[in-house]
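Asks: Below are the chains, spelled out letter by letter.
Protein chains: 2
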Amino acid sequence: MSYTAKSFSNEPSGPTVVTETIPGPKGKEAIAKLGEVFDSRCAYFVADYEKSTGNYIVDVDGNVLLDVYAQIASIPLGYNNPNLIEVAKSDKMIRAIVDRPALGNFPGADFEQIQRDLLKHAPKGQTHVWNGLSGADANELAFKAVFFNYLSKKRGFEKPFSPEEEASCMENLAPGNPEIAILSFKRAFHGRLFASGSVTRSKPVHKMDMPSFHWPTAEFPAYKYPLEQFSEENKEEDARCLKIVEERFQNWRCPIAGVIVEPVQSEGGDNHASAEFFQGLRDITLKYGAKLIIDEVQAGCGGTGIMWEHERYNITPPPDLVTFSKKMQSAGYWFHDPELIPNQPYRQFNTWCGDPKGIILAAAICDEIVNNNLLESIRETGDYLYDKLETVQNKYSKIVSNLRGKGKACFIAFDLPSGELRAEFLNKMKLAGVNVGGCAEVGVRLRPGLIFEKKHADIFIAAMDKVLSTL
Amino acid sequence: MSYTAKSFSNEPSGPTVVTETIPGPKGKEAIAKLGEVFDSRCAYFVADYEKSTGNYIVDVDGNVLLDVYAQIASIPLGYNNPNLIEVAKSDKMIRAIVDRPALGNFPGADFEQIQRDLLKHAPKGQTHVWNGLSGADANELAFKAVFFNYLSKKRGFEKPFSPEEEASCMENLAPGNPEIAILSFKRAFHGRLFASGSVTRSKPVHKMDMPSFHWPTAEFPAYKYPLEQFSEENKEEDARCLKIVEERFQNWRCPIAGVIVEPVQSEGGDNHASAEFFQGLRDITLKYGAKLIIDEVQAGCGGTGIMWEHERYNITPPPDLVTFSKKMQSAGYWFHDPELIPNQPYRQFNTWCGDPKGIILAAAICDEIVNNNLLESIRETGDYLYDKLETVQNKYSKIVSNLRGKGKACFIAFDLPSGELRAEFLNKMKLAGVNVGGCAEVGVRLRPGLIFEKKHADIFIAAMDKVLSTL
Chain A
0 MSYTAKSFSN EPSGPTVVTE TIPGPKGKEA IAKLGEVFDS RCAYFVADYE KSTGNYIVDV
60 DGNVLLDVYA QIASIPLGYN NPNLIEVAKS DKMIRAIVDR PALGNFPGAD FEQIQRDLLK
120 HAPKGQTHVW NGLSGADANE LAFKAVFFNY LSKKRGFEKP FSPEEEASCM ENLAPGNPEI
180 AILSFKRAFH GRLFASGSVT RSKPVHKMDM PSFHWPTAEF PAYKYPLEQF SEENKEEDAR
240 CLKIVEERFQ NWRCPIAGVI VEPVQSEGGD NHASAEFFQG LRDITLKYGA KLIIDEVQAG
300 CGGTGIMWEH ERYNITPPPD LVTFSKKMQS AGYWFHDPEL IPNQPYRQFN TWCGDPKGII
360 LAAAICDEIV NNNLLESIRE TGDYLYDKLE TVQNKYSKIV SNLRGKGKAC FIAFDLPSGE
420 LRAEFLNKMK LAGVNVGGCA EVGVRLRPGL IFEKKHADIF IAAMDKVLST L
Chain B
0 MSYTAKSFSN EPSGPTVVTE TIPGPKGKEA IAKLGEVFDS RCAYFVADYE KSTGNYIVDV
60 DGNVLLDVYA QIASIPLGYN NPNLIEVAKS DKMIRAIVDR PALGNFPGAD FEQIQRDLLK
120 HAPKGQTHVW NGLSGADANE LAFKAVFFNY LSKKRGFEKP FSPEEEASCM ENLAPGNPEI
180 AILSFKRAFH GRLFASGSVT RSKPVHKMDM PSFHWPTAEF PAYKYPLEQF SEENKEEDAR
240 CLKIVEERFQ NWRCPIAGVI VEPVQSEGGD NHASAEFFQG LRDITLKYGA KLIIDEVQAG
300 CGGTGIMWEH ERYNITPPPD LVTFSKKMQS AGYWFHDPEL IPNQPYRQFN TWCGDPKGII
360 LAAAICDEIV NNNLLESIRE TGDYLYDKLE TVQNKYSKIV SNLRGKGKAC FIAFDLPSGE
420 LRAEFLNKMK LAGVNVGGCA EVGVRLRPGL IFEKKHADIF IAAMDKVLST L
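Chains as they are written, first to last, in numbering that gives the first Met the number 0: chain A, 0 to 470; chain B, 0 to 470.
Hints listed in this document are in silico derivations from the structure and should not be mistaken for laboratory results.
One thing to keep in mind: the hints can contain errors.
Note: identical chains are not told apart, hence a pair may lie in one copy or across any two.
With a straight-line cut-off of 35 Å between C-alpha atoms, the simulated DSBU-like cross-links for lysine-lysine are [stated by the list, open to error]:
1. Lys152 <-> Lys185
2. Lys88 <-> Lys25
3. Lys158 <-> Lys123
4. Lys32 <-> Lys123
5. Lys91 <-> Lys286
6. Lys405 <-> Lys88
7. Lys185 <-> Lys234
8. Lys158 <-> Lys32
9. Lys242 <-> Lys5
10. Lys32 <-> Lys242
11. Lys91 <-> Lys50
12. Lys5 <-> Lys32
13. Lys5 <-> Lys88
14. Lys5 <-> Lys91
15. Lys405 <-> Lys387
16. Lys152 <-> Lys453
17. Lys25 <-> Lys405
18. Lys234 <-> Lys25
19. Lys223 <-> Lys153
20. Lys25 <-> Lys427
21. Lys153 <-> Lys185
22. Lys50 <-> Lys119
23. Lys27 <-> Lys91
24. Lys427 <-> Lys223
25. Lys27 <-> Lys158
26. Lys387 <-> Lys427
27. Lys27 <-> Lys88
Modelling step: build the complete structure from the supplied sequences, incorporating the hints.
Replies: Written out as structure tokens, the structure is:
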């Protein structure tokens, strides 16, 4: 019996669209009223989460949509998952809500086990975790760990801060607050706070008008598809991009302490790269004494058919830090070198040091994925879906291009000819009963939960065929 | 009947200390084991939250301590508060846990009400809120709002970004990413990420080895106590500090778009300032076209006997932004000028745009405070406690000094002669049954929840008297 049949006996057999526009009249009114107390300009529709179930999201107009966007890739196990509801009702969770500890100072007796439950699901080669609150927070905490390590090593791990360092850092000046950088890639997305914004390079709206650190950027491979047809060109593209990374290390105005990279650039357009590229990055970071940070915020937690997407590439030695959030419903970074634990207490510290609620949920989500073979299941769905999408791409070859994500479960994307057509496509897909999202300028990205099955893929393909025939 | 009598019928009548050290043998073992999976070097002890109740925290050794630190000022209504447990068990909360929405894109039908429930408790003069995840996050989101507003106004709110701005910001350079600053004060604490770290000026360990923005710092008043004895000197101190702020605006290397200040500098030593100082800041920010951000992360949510500490000063016009976190168990910034809503959607945006779980809890906490007159109650306790502390200060005048926080409920601090003596005091207080925390180099800060009553104050005073007699 499939997971949805077992866990979501009330999941609809297909979408239902009852309004001529989405949002419909009730949705429009709800967005307007919400706008009085919240910035609702980005709201696609207002959901009724009480009625949503499994792969289906219901809106306040009563539209029932197959959801292949899943809260910007953040709902791994469907709406109102009964097993997660049990976790939410547990005494452990209730205590985590009402007695939220300052984990660093007053951890609870159950926290060791909570953390061990999470650590079971660490990427291969990673043994430790530091907890945060969001993807941006996780990445910035990782940067702190990297900078502390780099500069403590330079200073001598046992050596105290000098009076000059102490005085200068209180004025935000070197040597206490030196210029030191994280390298990131064009089209990367790593968050929207100030350091995470400094490494984000996807769209101007993500970072305009923010003061930022003058950190280096390199180029992420832009492959030609289908991959098998352009293997030689794509290999050259890897070499070209890696050369730029190495040049930055040689020429940048300040030390580069780390490189951050997504295993698949997601917001930036679902840009994939090869095992050779990632190993090349690993080699360069080792050569120049920098840390490699893999940002698994969007790709991680099973969406690509393996728990952590970068594991696919067998990067050797494993990356130094791996950040997570979104589908994990918790955030933080994995690591394995104890040297990345700051040499003094209270350097990596804040009131909450994470959130036990999220950690409990993250472990429960990962357990559910493992115990129900959902990675295997989503890979099967993905292979099935990709085949169908190839047929659609061939049928609409003037509209659909650059189908990508083969072999990566349902972490699939394709391009449309323009932003306008993409917007029309996304809107018509909603009216055809499917909630799907875009990425970069002309991309469409599929991000269903891990409970997306062949029957759901069939509904998606039928809707897509119908919509494309009208474009 | 008092709140604790009504809500915590099982609250102990006093502390019980059963081990010779805290942590005792079980606690030491628990910290060591936790250290395998979490940085436990900062752990004072390991708590048993299942057994903790009301004002009392229980550790794994069975020690029962009166808690006047309350998770670094973050537990407003005691441990295992029965009314919050009901909220934690509610369907609304369970949905918020298992169906966490991307609030910006797919808000739930219940979110408008959830947000309105929170907004009821906004500071005087504030009408809007933007939601975040932690104090540092709230402050950085506030900075974004301030920078967007300042630069959009300069550009023209209706004007699109120029091609030059778009291209330069992708390289982290001006004009898209210009140099622009937030002014903060010496001894301030506003968080430990990169922009929040740039305005934090409390201790080197909070920000050493982090690249930071070269933003200006001014001096926060350092008053002489008792205030009534030094009113003339303290007035001069206000003028001196305000003059420095104004000089920064006149001379800084880049525009200063905002000033961030705590109503009471907490981590930095419980430094208070006068209504005249805050009004002076308001006047200077208005004069130079900058925004005033009040950081209520630690002082806000009733701890000082009013819901928002800065309301005490009747700052006119009200501050532009007020940030909150900690006791609210949620985070974000309040504001009132619609111009602080970015001129384009998706400028202030992220996957989660806050956390309904926390917002639900924040509103419930504030409701509970209001419905049970806990502000009045904590003010009464505070006045009672302050009187007793004055007596203690007089009795131990060679050890205790600078008692401060009069009329601010139990948001009280005092100094000891040295860091060593402070450490000894805090440790001995635990062994006398009281968990209390330090601030800055030699300060002791009291941060009980709002359910701290006279009977608890008596226990605190008795323990303090006993401990001081041994120093």
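Asks: Decide, hint by hint, whether the structure agrees.
Replies: Hint check results:
1. For the homomeric pair Lys152 and Lys185, the shortest alpha-carbon distances inside one copy (29 Å) and between copies (29 Å) are both at most 35 Å.
2. Taking CA atoms no more than 35 Å apart as the test, Lys88 paired with Lys25 passes in both settings, with 32 Å inside one copy and 29 Å between copies.
3. Taking identical chains as interchangeable, the C-alpha atoms of Lys158 and Lys123 lie at most 35 Å apart only when both belong to the same chain, with a minimum of 33 Å there against 49 Å between chains.
4. In this homomeric assembly, Lys32 and Lys123 come within 35 Å of each other (Cα to Cα) only across copies, at 23 Å, whereas the closest approach inside a single copy is 47 Å.
5. Taking the shortest Cα distances, Lys91 and Lys286 never come within 35 Å of each other, neither inside one copy (46 Å) nor across copies (52 Å).
6. For the homomeric pair Lys405 and Lys88, neither the shortest alpha-carbon distance inside one copy (39 Å) nor that between copies (43 Å) is at most 35 Å.
7. Taking the shortest alpha-carbon separations for Lys185 and Lys234, only the intra-copy value of 19 Å comes in at or below 35 Å, while the best inter-copy value is 53 Å.
8. Taking the shortest alpha-carbon separations for Lys158 and Lys32, only the inter-copy value of 27 Å comes in at or below 35 Å, while the best intra-copy value is 58 Å.
9. In this assembly of identical chains, the alpha carbons of Lys242 and Lys5 never lie at most 35 Å apart, being 51 Å within a copy and 70 Å across copies at closest.
10. Taking the shortest Cα distances, Lys32 and Lys242 never come within 35 Å of each other, neither inside one copy (53 Å) nor across copies (45 Å).
11. For the identical chains of this complex, Lys91 and Lys50 are neighbours both inside a copy (26 Å) and across copies (13 Å), given an alpha-carbon limit of 35 Å.
12. With identical chains, the CA atoms of Lys5 and Lys32 are never at most 35 Å apart, being 38 Å at best within one copy and 39 Å at best between copies.
13. When the C-alpha separation of Lys5 and Lys88 is checked against a cutoff of 35 Å, the pair qualifies both within a copy, at 21 Å, and between copies, at 25 Å.
14. In the homo-oligomer, the alpha carbons of Lys5 and Lys91 lie at most 35 Å apart both inside one protomer (26 Å) and across protomers (25 Å), since each shortest distance falls under that limit.
15. For the homomeric pair Lys405 and Lys387, the shortest alpha-carbon distance inside one copy (12 Å) is at most 35 Å, but the shortest distance between copies (72 Å) is not.
16. In this homomeric assembly, Lys152 and Lys453 never come within 35 Å of each other (Cα to Cα): the closest approach is 52 Å inside a single copy and 52 Å across copies.
17. Taking CA atoms no more than 35 Å apart as the test, Lys25 paired with Lys405 passes in neither setting, with 39 Å inside one copy and 53 Å between copies.
18. In the homo-oligomer, the alpha carbons of Lys234 and Lys25 never lie at most 35 Å apart, since the shortest distance is 52 Å inside one protomer and 58 Å across protomers.
19. For the identical chains of this complex, Lys223 and Lys153 are neighbours neither inside a copy (42 Å) nor across copies (42 Å), given an alpha-carbon limit of 35 Å.
20. Taking CA atoms no more than 35 Å apart as the test, Lys25 paired with Lys427 passes inside one copy only; the shortest distance there is 19 Å, against 62 Å between copies.
21. Taking the shortest Cα distances, Lys153 and Lys185 sit within 35 Å of each other both inside one copy (29 Å) and across copies (28 Å).
22. Proximity of Lys50 to Lys119 under the C-alpha cut-off of 35 Å is found in both arrangements, the shortest distances being 33 Å within a copy and 28 Å between copies.
23. In this assembly of identical chains, the alpha carbons of Lys27 and Lys91 lie at most 35 Å apart only when taken from different copies (23 Å versus 39 Å within one copy).
24. Within a single copy, Lys427 and Lys223 get their C-alpha atoms as close as 28 Å, which meets the 35 Å cut-off; across copies the closest is 69 Å, which misses it.
25. For a Cα distance limit of 35 Å, the shortest separation of Lys27 from Lys158 across copies, 27 Å, qualifies, whereas the shortest one inside one copy, 61 Å, does not.
26. Taking CA atoms no more than 35 Å apart as the test, Lys387 paired with Lys427 passes inside one copy only; the shortest distance there is 20 Å, against 71 Å between copies.
27. For the homomeric pair Lys27 and Lys88, the shortest alpha-carbon distances inside one copy (33 Å) and between copies (31 Å) are both at most 35 Å.
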